[in-house]
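> One line per chain: the protein sequences are C and E, in this order. The working numbering puts the first sequence at residues 1 to 546. The working numbering puts the second sequence at residues 547 to 1127.
Rather than coming from a laboratory, the hints here were simulated on the basis of the structure. Every residue gets a Cβ at the ideal spot worked out from N, C-alpha and C, and that includes glycine. One or more hints might be untrue.
[As the list claims (entries may be wrong)] Pairs of lysine-lysine residues, derived as DSSO-like cross-links and limited to a Cα-Cα distance of at most 30 Å, are as follows: (1) C:476 / E:578; (2) E:818 / C:442; (3) E:1111 / C:442; (4) E:578 / E:676; (5) C:442 / E:796; (6) E:1111 / E:1030; (7) E:1023 / C:442; (8) C:476 / E:734; (9) E:734 / E:977; (10) E:1023 / E:1078; (11) E:977 / C:442.
[Stated by the list, open to error] Label-pair ranges, simulated between beta-carbon atoms: (12) C:42 / E:563: 20 to 26 Å; (13) C:440 / E:793: 29 to 35 Å; (14) C:241 / E:1025: 57 to 63 Å; (15) E:812 / C:295: 26 to 32 Å; (16) C:317 / E:553: 43 to 49 Å; (17) E:1041 / C:441: 43 to 49 Å; (18) E:624 / C:224: 55 to 61 Å; (19) E:1079 / C:487: 44 to 50 Å; (20) C:487 / E:586: 46 to 52 Å; (21) E:625 / C:440: 38 to 44 Å; (22) C:487 / E:901: 55 to 61 Å.
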Amino acid sequence: MTGQFLFIDYVQYLLPEIFLFSLASIMVFLGPFLKKNYPWSLITTVGFFLAYLLLILKKPDLLDHTQLFSINVLDDMYSNFVRHFALGMGIFFALLFWNNSNSDNQNNHETFAFLIFLVAGCSIVGLANDLVILFLGLELISIPSYVLLYLYGNKKLAAESALKYFFLSIFSSGLLLFGFSYLYGISGTTNISAISDALINGFRFKSASESDNQSALLFLIPMLAILGGLGFKISMVPFHFYAPDVYQGTSYRMCALLATVSKVAGFASIIRIFGFALAQGSFSGSSKTLDNIYVLFWILAAVTMTIGTILGLLQRNLRRILAYSSIAHSGYILAGIAVAPKLGISTGIDGIGASFFYLFAYFFGTFGVFAVLDVLETKDRPVEDWDDLAGVASHNPILAACLAVFLFSLIGIPLTGGFLGKFFIVFGCASVPYAWDDALSKDSHNLFLILGIIAFLNAAVGSWLYLRILSGIYFKPAMWPDAGKSSFQPSFIPIFGCVIVTVILGVKPNLVINLDLLKGLGNPVIKASKLKIEDSQPSDVLVWKK
Amino acid sequence: MSQLVLLLLLLPLVGGFVSLLVRNVGFEFSRKLALGFVLLSLLISLKITWDYFPLIENHAAAIEEKTTFVPIASSVTVFDLVRISPPSEARSDTGAIRFYIGIDGLNLFLLPLTCILFTGSILGSWNSIKERSHNYYGLLLLLQFATLGAFLAFDIILFYAFFELTLIPLLFLIAMWGGPNRQYASKKIFVYTLGGGLTTLLGIIGLVSALNQNSIDDQLESYFTFSIPEMVKATHDTQIALNKKLAESKAEQNNNDASSTSNLELNQAKVKFWSVTQKWIFVLLTIGFLVKLPAFPLHTWQPTAYFEAPTGVTLVLAGILAKLGVYGFLRLCIPLLPVPAWEFGAYLFSTLALISILYGAACAIVQDDFKRMLAYSSFSHLGFCLLGIFALNETGLTGSYLQMINHGLNVGALLFVCELLLNRYGTTKFKDLQGLASKLKILSGITVFFVMCSVGLPGLNGFVGEVMCLFGMFDTKNPAISGKIIASICSFGMLLGAWYMLSMVMKIFFGKLSEPVFKKDNPVSDLTFIEKSFLFPLASLCLLLGVYPQPMIDLIRPEIHLISKLNNQANNQVPIVNLGK
């Protein structure tokens, strides 16, 4: 019964996402008829927990992976990791959004419904094996973001910020769609595994005379368009311009959403689509087409981290500082992706694993910072400048200590997740293997050594950026008698969770994240390419090389 | 013993958190609590030192056998922290960052030194820190934890983690309790040291991954390890194996074997690449320690930080944190990379040491403030440590180690005195304080004693270290440097040291009494019991180490011997490494 999938298998596999969609849809429809203070936050939190439970209880191996080229969703380590990550983030955000007293926004049901859509979208991005599904997931993140940005802004800037995000996001989606359709035009399929396989193993059009080089050029155009479209999601230079302005116009909780969920989805899709180029070590060389794409990633990584750090130093507004900080951190993650094709997986850490570890540590640090600032900001006392944080340490020492831990993690001080993240990335950069008789491999070894140096330089310079926030909390006399006082609220739970996870990630990461599993993350596509090609049905347009 | 070592490390951590959490108890309680924890850790560290004496014979034999650092087996605590790849069957140290602490001769004496100086720091802050004192003492204890951790670590990443961790308590201590310009000073020291530390980390990463790559030498097993002893062994083995191969292929070529030419070229390329790699790693590795030390030209954070920090913290900074830099050289730079240390390190760093010694002394002479003068004098004295290390022979290394301990004791005592003066008069400027000897007799007497120690009066402790450093440099075998000239120039540093120290004594303690106006309700008194109880034992210790340093030299001899032996072995091969035909 090859090639036939039971509908019920798909449903079973996608149960967490389907559950979340249904929940969100019901919330949107029922919301207007119920009273304003209906406990939507509780429902959302429980909903995320249930979805997480469904994910854990899911039967393994529901999908037949021998039919890789004709299934639209994947059930591999990578998708599992992203799904767990996404739903976990959902729980954290539900708790963060719980307390809504500071906002004029009374449309609670919409807020939470859109939050659910957003998280489910991120989860779908993780498991997509089809360009269309991937696009669906990405749009499920974008569209709720437009609404939430406006709902949660301070009104003066919110409109501008939401509009700016809207237009640029539409632009990036257009770019992405252009790339996708171009890719479809070349390969005749929207299946990511099939496209990747074509790129890895080389392919030719019906005329056998055309060489791989020409097709590589052909592939470069959609790949650049896709990278541009996704670069917007991860605020990669030169698609970063929106980040500071948008962050400035909205509330800290929305900043957190943009800086984490969007970014996770963006990186997940970059790694999925570019998997062919990043697949490591298991076949000779990397993909024949687009062999040198790592150079592009190298440049993007170096530029992104440097520009994020330098421009961040010039800012005074906390939201803008953190926006540039998130840009800089994208650069570090990109460095991991850049080095991935050059690293074997046998030794030490691999590039994709390092990137994901960094992303993981970055999530807890960034979420924590934004969550603490969100708690500190009240209607009468906005927190815009780092001077506004003065006195927090003396009135609310616990929250201040939490913020300090997050900032130290973002700086990369030992015993926090941020340190090990940077360590793994740079360790990856420094251990690109080389062969004695191959000058090219020595060049790439040195090239990545330089990237490691750039990363550390940026880390040292960037520490100043976080130190200023820290000095705002600790070393300035209080300006308000009640600065930073706050009673317990649900968002304290994820904050404490973040502190604990950040420290565990720095001390003994195996307790929360399996480093061995991380290692396999880069290779979903290799798994695909190892399968026998005859077993699957290639699309008609392609003639597969053995 | 391993429980004792672990207890020594964890006690300040627990104490720090207890002190941070116990709020609203008043400064009297916080300071007593902190003192209790520190004294307890001092007792434990003395016990550990005492227990070490009978072990020395076996320990020396073990080091001789393995030609690498060997922590005393009974003192080791080890478990995995970050497992990156599964361990190989033969060796459990591969593929993981481990929590690996232990005792050997190199860190043995630094533990009691740390505890003594932290006791001094707390006693020095006894009356001056009254605001948020629970935080102050808590952070001080955490600083002690990080420092002890760095000394105890036998895993290179663990070492780095503790090394960098010292920054956080320091940042808060300086920025919250320091002088008027404290915020600038604290951020400067933070960014400086973090930058230096990250450079060092890059060097560490470079070394680990270089050793990890089989391509350097196909015959060696892959060393994916973070354990310092294993890494020392690995670099050593790699160097020797490469040289051997090169020699073999040269012999083959001499036998006119046609196919061997390409083999020779390959091996030459390997040796050259490895030596270039080592050079880069050496430079990267040293930068963090040079910042921490500090040595010229990376010292510019030091005067501001020393001056702005509360004196209790300056005491720790000068007395023990600077020693982390020296310790880094002794534990990591020299044993891990003996070849570049010999080839150009000696040349480069003995020059830097020379500049540091003379420049620091010259700066110290023109200061008008006791504390500032001590900052520069410390800069100058630590130059001797660097000088001794890069003599790269046993005399120099021993001298450097002794100077490390002795300088810690001396500068600790002098900064303690400085704090006492600050407490009594609120200033340490020379123009405000004159002729105190007629009023504060015991204080003046003991200060003169410590000044003599610091100046290097024979028979007192400062003399032994500095002179051995100079002796070591004087008969260094390194052809790249002319040790006699450098040593002769550096000996002027001792002269200048005597000049500024003695003129300080003249200005502050002798001559006509002139005190600043102070509050009438707080009359200036001579040493109290608490102050005496710190200064007098310290003075007797200084005297003891000056008169009879032999037991200490004996205890550190196996490690010192090892370091110089590694150097000699690696550099006996140097003529082969040099490829210029």
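> Run through the hints listed earlier and report the numbers of any the structure violates, in increasing order.
Going through the list in order, the structure violates hints 3, 7, 10, 11, 12, 17, 18, 20 and respects the others.
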